[in-house]
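Relying on the hints, combine the two individually framed chains into one complex.
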Amino acid sequence: AQKVTQAQTEISVVEKEDVTLDCVYETRDTTYYLFWYKQPPSGELVFLIRRNSFDEQNEISGRYSWNFQKSTSSFNFTITASQVVDSAVYFCALSEARVGGSRLTFGEGTQLTVNP
Amino acid sequence: EAGVVQSPRYKIIEKKQPVAFWCNPISGHNTLYWYRQNLGQGPELLIRYENEEAVDDSQLPKDRFSAERLKGVDSTLKIQPAELGDSAVYLCASSFSGRAPEQFFGPGTRLTVL
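Chain order of the listed sequences is A and B. Counting in the working numbering, the first sequence runs from 1 upward without gaps. Counting in the working numbering, the second sequence runs from 1 upward without gaps.
Just so you know, the hints here were simulated from the structure itself, not pulled from any lab data. Beta carbons are placed, not taken as given, at the ideal position from N, Cα and C, and that holds for glycine. Take these hints with a grain of salt, some might be off.
Stated by the list, open to error - Sample of chain B residues at the chain A side, in silico, Cβ under 8 angstroms:
1. Gly42
2. Pro43
3. Arg48
4. Asp56
5. Val89
6. Leu91
7. Ser95
8. Pro101
9. Phe104
10. Phe105
Stated by the list, open to error - Here are some chain A residues pointing at chain B (derived, C-beta under 8 angstroms):
11. Tyr33
12. Phe35
13. Gly43
14. Arg103
15. Leu104
16. Phe106
17. Gly109
Just chain B, same shape as in the assembly (with noise of 0.2 angstroms):
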């Protein structure tokens, strides 16, 4: 069975830039989170989808932050413009919520900006 695929694996912007990120979920999985991790840190969720509609997202900065996920499968984190406070490592996962409650985690995408 095929994890979780982000791409792409590192990005470094300048910045004010615009930046997004993308994110496959295992198959059948019909919930998807995005965390960001900063350095020395435990990720912190940004928003969580069941299916296609964002049912948590009281953690993202929304005035710079946006997501989607249409059709209920992958998704998109974009971020503009990309302040120096953005740089870390943004991590997607999934689960499937009829069956077990643990996520399981793409390999992440690490943000620097200059």
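Isolated chain A, as found in the complex (with noise of 0.2 angstroms):
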């Protein structure tokens, strides 16, 4: 079974400050595929990134950046100088690597707050 875990149920910090976004998961795939979402409060959410377990390079595309270590089995989101339009419900998400689509298994959110 898969299992995500978001310690961190809120978060709230000032705008300019960076903030990571903790996420641990379990599973039994040897391949995997590791997201993170965010849920503004219009509702509807949006697809941010994308990691596979193959692949453990971290990245860093503009204010976000990525830290995925398999041996811990972590995969951790940062926002570099957050912004008020930052806050939102963010989600870090696990699906099994196979052809044709999988489920998602999603950790239960991050409330993410930037106060001006």
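Dropping the structure here:
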């Protein structure tokens, strides 16, 4: 069975601070995908990033960066120089890597509030 | 490129009434998903379609929920009869299995059962 844990229920920061969202996962699959989604107050889930289990290279994309460590089953997400528009619920998710698609297993989400 | 379209956006019904949700996926996406999101939680899969075939419906409460995806394009999710515990946001997502695994979500239908 797959499981995703986001231990941080709520985080509050002041604009321009860096913030890291934690994600720990469990899976028996040898190959899998990890995702981060953003859910603003409007409610629509927005895809942010995806990592493959066989690629542990960490990357930076604009103000977003992520740290994937297979040895500790963690997939943390960092927003640099946070902005008020970053306020949302952020979900970490996991899926089996298979042709044809697979269900996403989501964590409980982390509510991020960025104050001006 | 148009995103995933869902209707209605909001629905309020009395318990024991039927309700239906409609989803039109992104053009060309052959895989379609229905998720349910309870308040304060992450979404959970109800059913996954590959083209017209339901390939993962283990979480669908089949005594009251049904779904169809005729012609492998749009899909309808139905609840009959609705119960108080069905109040949630119902999300539709789609992906193209031959390209990338990320799923793209619609705006959801917020269902309130009174």
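Hints, one by one, checked against the model:
1. Gly42: Status holds, d = 3 angstroms.
2. Pro43: At about 6 angstroms, which falls below the 8 angstroms cut-off, the nearest Cβ of chain A leaves the hint on B/Pro43 intact, so it holds.
3. Arg48: This interface hint holds because 6 angstroms falls under the 8 angstroms limit.
4. Asp56: holds (6 angstroms)
5. Val89: holds (7 angstroms)
6. Leu91: Nearest chain A Cβ about 7 angstroms off; hint holds.
7. Ser95: holds (5 angstroms)
8. Pro101: OK, holds: B/Pro101 within 8 angstroms of chain A, min 5 angstroms.
9. Phe104: Interface hint status for B/Phe104: holds (6 angstroms vs cutoff 8 angstroms).
10. Phe105: holds (4 angstroms)
11. Tyr33: holds (5 angstroms)
12. Phe35: holds (7 angstroms)
13. Gly43: holds (6 angstroms)
14. Arg103: OK, holds: A/Arg103 within 8 angstroms of chain B, min 4 angstroms.
15. Leu104: Because about 6 angstroms separates A/Leu104 from the closest Cβ in chain B, which is inside the 8 angstroms limit, the hint holds.
16. Phe106: Where the cut-off is 8 angstroms and the nearest Cβ of chain B is about 3 angstroms from A/Phe106, the hint holds.
17. Gly109: Given a least distance of 6 angstroms, the restraint on A/Gly109 holds.
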